[in-house]
Each structure stands twice: as structure tokens, then as C-alpha cells.
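Participant: Here's the letter readout for the chains.
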Amino acid sequence: MKKLVIINSLDTISKLDNVDGYIVGLKGFSVNMNLYLDIDEIIKLSQSTNKEIFVAVNKNMRNSDLDTLKNNLITLNKLNIKGILFYDKSIYMLASNLEKLVLATEHSVTNYATINYYKSLGIKNFYLSSEITIDEIEEIAKKTDTNLFVNVFGYLPIFVSKRHLITNYKKYFNLKDDSQIYYMEKENKKYPLLETEDGTIAYSDYILNAYLDYDKLNTLADYAIFNSFLIDDDTISKVIECFDKKEGIDKINMLLNYNTSDGFMHKETIYKVVK
Amino acid sequence: MKKVELLAPAGDLERLKIAIDYGADAVYLGGVMLGLRANAKNFTYEEIEEGCRYAHERSKKVYVTVNIVLHNKEAELVKDILIKLEKIGVDAIIASDLYVVATAKKYTNLEVHLSTQQSVLNKEAVKFFKNCGVSRIVLARETSKEEIKEIIDNTDIEIECFIHGAMCASVSGRCTLSNYLTNRDANRGGCSQICRWDFDLLNSDFKPIEGDKPFTFCSKDLSLLKYIPDMIDMNIKSFKIEGRMRSIYYIATVISIYRKAIDDYLNDPVNYKYDERMEILLRNCANRDSIPQFFDGTNDETCGYYNGRIEVSNQDFLGVVIAYDKETKYATIEERNFFKKGDSIEIFGPNMHIVDYIVDEILDEDNNVIDVVRHPQQIVKIKVDTPIYPNYMLRKKNNILTKS
Chain B
1 MKKLVIINSL DTISKLDNVD GYIVGLKGFS VNMNLYLDID EIIKLSQSTN KEIFVAVNKN
61 MRNSDLDTLK NNLITLNKLN IKGILFYDKS IYMLASNLEK LVLATEHSVT NYATINYYKS
121 LGIKNFYLSS EITIDEIEEI AKKTDTNLFV NVFGYLPIFV SKRHLITNYK KYFNLKDDSQ
181 IYYMEKENKK YPLLETEDGT IAYSDYILNA YLDYDKLNTL ADYAIFNSFL IDDDTISKVI
241 ECFDKKEGID KINMLLNYNT SDGFMHKETI YKVVK
Chain Y
276 MKKVELLAPA GDLERLKIAI DYGADAVYLG GVMLGLRANA KNFTYEEIEE GCRYAHERSK
336 KVYVTVNIVL HNKEAELVKD ILIKLEKIGV DAIIASDLYV VATAKKYTNL EVHLSTQQSV
396 LNKEAVKFFK NCGVSRIVLA RETSKEEIKE IIDNTDIEIE CFIHGAMCAS VSGRCTLSNY
456 LTNRDANRGG CSQICRWDFD LLNSDFKPIE GDKPFTFCSK DLSLLKYIPD MIDMNIKSFK
516 IEGRMRSIYY IATVISIYRK AIDDYLNDPV NYKYDERMEI LLRNCANRDS IPQFFDGTND
576 ETCGYYNGRI EVSNQDFLGV VIAYDKETKY ATIEERNFFK KGDSIEIFGP NMHIVDYIVD
636 EILDEDNNVI DVVRHPQQIV KIKVDTPIYP NYMLRKKNNI LTKS
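Going line by line, the protein sequences match chains B and Y. Quick note: the first sequence uses my numbering, first residue 1, plus one each step. Quick note: the second sequence uses my numbering, first residue 276, plus one each step.
Since the hints were made in silico from the structure, they are not lab data. Hints should not be assumed to be uniformly reliable.
[Unchecked claim] Covered stretches of chain Y, as calculated for chain B (at least 3 residues, CB under 8 Å): (1) 332-346; (2) 371-383; (3) 403-415; (4) 443-450; (5) 475-489.
Positions of the beta carbon are idealized from the N, C-alpha and C atoms, including for glycine.
Kindly generate the complete structure, drawing on both the sequences and the hints.
Facilitator: Here it is as C-alpha cells:
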């Protein structure tokens with residue numbers, strides 16, 4: 001299983017030699033990323049590293065995005081980049097090369113049957129949802145013949161809105177604060193909130209840490225994703241080293257000042273509330 | 276004459292019948308499996324069959340939601356469920372997961388509408404889903420009037436738009452707040468409406484940012500009554516009302532108002548006038564403020580609904596008519612909210628038939644004279660000279676319709 005990092009800055013790259021590649025956003029066309037580069041910066045990045053580069057082009061596109069999107073996809077296809085993470089199906093229509101596409105619809109890549117349907121349309125790469133169990137991942141791996149990406153470490157995006165919810169609140173009540181990051185708190189749990197040009201993103205209150213399942217995931221998936229959102233470069237590098245050298249979950253927890261959890265790896269979400 | 280569809284939510288058989296009686300052209304409902312309102316009552320197959328019978332006898336249609344995000348174990352159920360729904364005679368399914376779409380196309384002749392869960396905002400995505408076999412697309416609620424028009428002008432598929440009801444704070448399909456805060460699966464019918472919760476908002480130093488009311492994602496509701504003529508002219512095929520868990524009073528009121536607006540415009544577009552009084556009636560019956568949202572480009576602080584989670588339930592709905600005796604002129608009423616002798620009320624039915632009425636004689640089930648009706652679902656009789664019918668409803672007189 002190759003290791004990819006959703007990086008925070010270009011400087012991060014020099015500090016993360018122990019990974020196989022990086023994921024960045026395309027400015028104006030991505031959400032849930034930590035670093036958004038314009039197309040020229042992505043060209044430079046693709047020329048400056050021998051690591052695998054994945055570009056997330058994963059926001060919900062509007063009609064007004066389509067012309068530029070098409071040109072960007074043509075450019076990306078010519079570059080030495082490994083893949084394009086996509087959400088909106090306009091990208092399938094406008095992409096000149098389906099080989100590079102990675103279906104990354106966050107919460108809806110959840111079963112083998114749908115994956116196999118997309119495969120029949122020419123998609124070969126699938127970024128699995130974080131809301132499924134490891135048993136479900138295992139079944140998907142058995143019943144599909146595709147490249148699978150799984151989140152193994154980091155905060156998880158759990159909400160995307162086209163509204164600027166923090167700005168709106170501050171404007172409505174005439175509040176002044178210029179933080180780059182906010183938190184919404186409930187029952188002592190803090191959920192990071194981030195506003196972008198496109199809207200608002202909320203993250204999980206914990207850092208997913210699938211360390212204990214990593215060996216099994218290694219037999220099931222092709223790419224492990226580490227998200228460095230709110231985690232500094234040194235820490236994420238040491239965490240990856242712990243995964244590599246099997247240094248134990250305690251050592252990882254010692255590196256972090258945050259809550260960690262194995263998320264839904266061993267916990268099914270409730271389908272219907274029994275009254 | 277141009278034909279558009281008024282599409283109503285049906286949380287159960289009672290609401291299905293109310294929606295149809297009050298003017299819906301079609302209803303959508305969830306079966307006991309694979310719908311996005313797992314905690315609504317939902318329909319058994321027998322109830323879907325009865326609903327189809329009721330609707331088809333009146334030349335109306337029934338659509339069934341099969342719009343959850345499938346996990347492995349649910350994927351195995353899809354084929355059988357779709358075959359059953361086809362046999363029952365539903366007119367279409369509303370799907371989100373493309374495996375459902377593909378299975379419907381492969382094993383049934385069911386028409387498939389694409390759920391708003393796919394959040395389609397652009398014409399290329401519309402073309403993609405059309406290629407997958409869907410015959411109609413429910414656009415994302417984040418689309419503007421101009422974007423919808425551009426999509427319709429550049430594609431050849433039926434377009435359905437929400438015109439009224441609650442808004443998700445998130446892009447549909449991109450929210451798992453329920454999963455992470457309550458362990459209920461937002462995309463498999465377990466949404467616990469976290470976006471209506473209040474939260475403490477902290478800045479990057481973890482210091483509270485406090486307005487007069489708590490921070491929330493909650494948005495005002497959607498109302499596009501004002502834009503019905505524009506939407507008809509844009510060739511939107513279906514006008515969808517949100518709210519499978521809403522009351523029969525809400526369904527009856529909202530459907531009546533939109534039915535009238537649509538028919539009035541189609542019958543006489545030149546002289547059609549937007550009636551703001553209807554907007555007030557809509558707001559009153561939901562007890563929530565509503566605005567055009569993204570349709571007119573509004574996406575700012577005026578959309579927020581900062582009320583500290585105070586949701587006052589509607590007290591206007593007084594009762595529902597369950598029988599009317601033409602000879603004695605006594606209407607049998609099932610009570611929903613307190614009313615008493617001397618109250619000014621309105622009795623309303625389909626086609627905006629409204630009877631002004633002052634409560635005079637009230638009889639209980641044993642024909643004893645009483646002065647107040649205060650028990651939930653209490654059965655009483657009142658004498659009404661104007662003929663009214665079962666499923667007519669009683670509401671407090673609000674004088675909105677008598678104001679010019």
C-alpha cells in the first residue's frame with residue numbers, strides 16, 4: 001500500500017520523503033484540501049518531484065466553472081500527475097483520459113456493486129468512504145478489481161456547505177474576529193470549521209488513526225491517505241515513520257495533542273433508530 | 276396549455292391522500308427499505324399498492340424513494356425491491372446511487388429520477404446522468420435561476436426543482452454530521468438534523484465568539500411562490516415540495532397554495548398577480564421564515580435562522596373533518612388544537628374552498644353540548660350550513676385573506 005499525504009504546503013514536501021506521493025487541490029475547483037495550487041503551480045510541482053502527484057478537483061461545479069475546468073483537465077492530463085480526485089460528474093464528461101480519474105465522493109463510495117458499475121464506465125480508482133467498516137472494505141476488495149484508496153490518518157471532512165456559515169454568523173451579530181480556523185463545540189467535543197471561497201467545511205472532532213488496522217488494510221487497498229490538516233509537518237512525518245516501523249499506537253498518541261479514534265472501522269452507523 | 280407537475284411529500288397513506296385531494300399531481304414516498312427518511316413512518320408494500328391505487332384512480336402518480344447510499348449488504352437487496360415496486364405499479368423511483376439506477380434499467384422498466392442527493396449543479400453532470408439512464412433530474416437546491424435556465428436550455432431531460440420546504444445546510448450528499456455526532460447514518464436515512472442544533476463557536480484560540488443567539492448551521496426554509504411564473508416559463512417540469520414528516524395541515528395548506536398559483540398562471544399568464552398574502556399563510560403554517568434562497572442568488576447572513584432552537588409548533592390547525600351529514604348539517608371533527616364556542620375560524624378544503632365560521636354549538640360524541648374542545652383527537656360535532664367534506668380542515672381565522 002502506497003502512502004499519500006494531503007499536504008499543507010509545498011515546503012512540506014521536503015520534509016516528507018518517506019511517502020509515495022502528495023495530494024493537493026486545484027485553486028477554485030477543490031474542497032477539503034489543505035493546499036490549493038493554481039494550474040501553473042501544479043505544472044511546476046509535477047516537474048519538480050518524482051513522487052506521485054494527485055490533484056483533487058472535487059468541488060460541486062457550476063455551469064460557470066465548466067469552460068475553465070475543461071481547459072484545466074486538458075492541462076492536467078498532459079502533466080506527469082498520477083491521478084485526479086473527482087466528485088462532480090462533469091469531470092467524467094470533460095476528462096480526456098479516464099485512466100487518471102479517482103472517484104472521490106467522500107461519503108458515497110461505500111459498496112462493491114456501485115464501484116463495479118463505475119468500473120464499467122471506465123473508472124479504475126476509488127477513494128473509499130470513511131464511514132464504512134473494515135469488514136466492508138474487505139468485501140469490497142474481494143468483489144472488485146480496482147485501485148482502492150483509504151483514509152488511515154488525520155481529521156476527516158464531514159460536512160461541505162456552499163454557504164459561508166461563520167462569516168454569516170459574524171455579520172448577523174456584528175462580531176469581529178479574524179481567525180483562520182474556528183471550532184464548533186458540543187458536549188466538550190470540538191469540530192474544526194474552515195471557510196473557503198466556496199463555502200464552509202466541518203471536520204471530525206478526532207483524528208482518525210487506523211494504525212491497528214494498517215496491516216490488514218495493507219492487504220486490501222492500494223493507497224493509504226494521511227491528512228495533515230491541523231497537524232504540523234514534523235508530527236505527520238513522525239507519525240508516518242511510526243506506521244512504517246510499526247512503532248506502536250502509544251507512540252503515535254504521544255506525538256499528538258488531539259483525540260484519536262479508529263472511526264467507523266469497527267463501528268457500524270445506525271440505519272434506523274429502534275423506538 | 277403547458278403542463279407542469281406539482282409534486283408533494285407523502286409520509287404515510289393519510290398524507291398521500293390529503294396531498295392528492297388538495298391538488299398534487301404526484302406524490303413521493305419512502306418504502307420501509309432504502310429511503311432517506313428511515314425514521315419516518317414509511318410505507319409497507321401493501322400501503323404503496325393502496326397509495327398507487329388511490330393515486331391512479333385520480334390520474335395522479337406515485338414515486339418511491341430508493342435514494343440511500345448503499346452499503347454492501349443493501350446492494351444485495353436492490354434488485355428484488357425494484358422488481359416488487361414495478362409489480363406494484365409505482366410510476367418511478369427516485370434514486371441516488373448509480374447501482375440502483377443501473378439495476379432498475381437492467382431488470383425493470385421503471386422510470387428513474389435522480390435524487391437531489393447527487394447535488395447536480397451543472398449541465399455536463401446532467402448529461403452524465405442522462406447517459407446512465409435517468410429520465411429526470413432533481414437539481415441541487417444551491418442552483419440559481421440563471422443556472423437552472425442554462426441547464427434546461429442545453430439539455431433534453433426533465434428537470435425537477437424544490438420550490439418549498441426545509442433546506443439542508445450542506446451540499447446534499449456531502450454531510451455526515453449525524454454519523455459523527457450521533458452515530459446515525461445521514462446518507463442511509465438516519466439524519467438527525469444536526470444542522471439545526473446550536474453550538475458554541477470558538478476562534479482559533481478556543482475563545483468563544485458569541486452573538487445574541489447561539490451559532491448554528493440552520494437556514495431559513497425555501498419558498499419560491501413568488502417565482503412560480505418564471506419557473507413555468509423556464510420549462511421546469513416538476514415543482515417539488517419538501518417534507519415527508521410534515522403534518523396533514525402543512526401538506527394541505529402548502530399544496531393548495533401552490534396549486535392555485537400554478538393554475539392561475541397557466542390559465543391567465545397576462546393577468547396573473549403574485550399574492551403576498553399566500554406567502555404569509557405559508558409561513559404561518561410552517562412557523563418558520565422562508566425565502567427564495569439560492570434561486571435568486573441570496574446566500575448571505577439573511578439566510579441564517581438564529582432562533583436558539585425555539586421552534587413553536589403551529590397552533591392554528593384546530594381539527595380535521597371526518598364526516599359531514601348533509602341532512603342534519605353536522606360535521607364530525609377530530610380535534611388537533613384547542614378551540615371554543617365563539618371562536619372565529621376558517622374551514623378550508625381543496626381548490627381553496629374556504630368557509631368562514633363562528634363556532635356556535637359544539638356536541639361531544641354522546642351529543643352533549645360542550646363549550647370547549649381541548650383534548651387531542653377529541654371527536655366533536657359542529658353544525659355548518661355550507662356543505663363541507665371529509666379531510667376539510669379547521670384553522671384559526673387569521674384575517675390574512677380578507678385583507679386587500
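Participant: All hints, please: hold or fail.
Facilitator: Now for the hints, and whether the structure bears them out:
1. 332-346: Contact hint for the segment 332-346 of chain Y vs chain B: holds, 3 residues under 8 Å.
2. 371-383: holds (count 5)
3. 403-415: holds (count 3)
4. 443-450: holds (count 6)
5. 475-489: holds (count 12)
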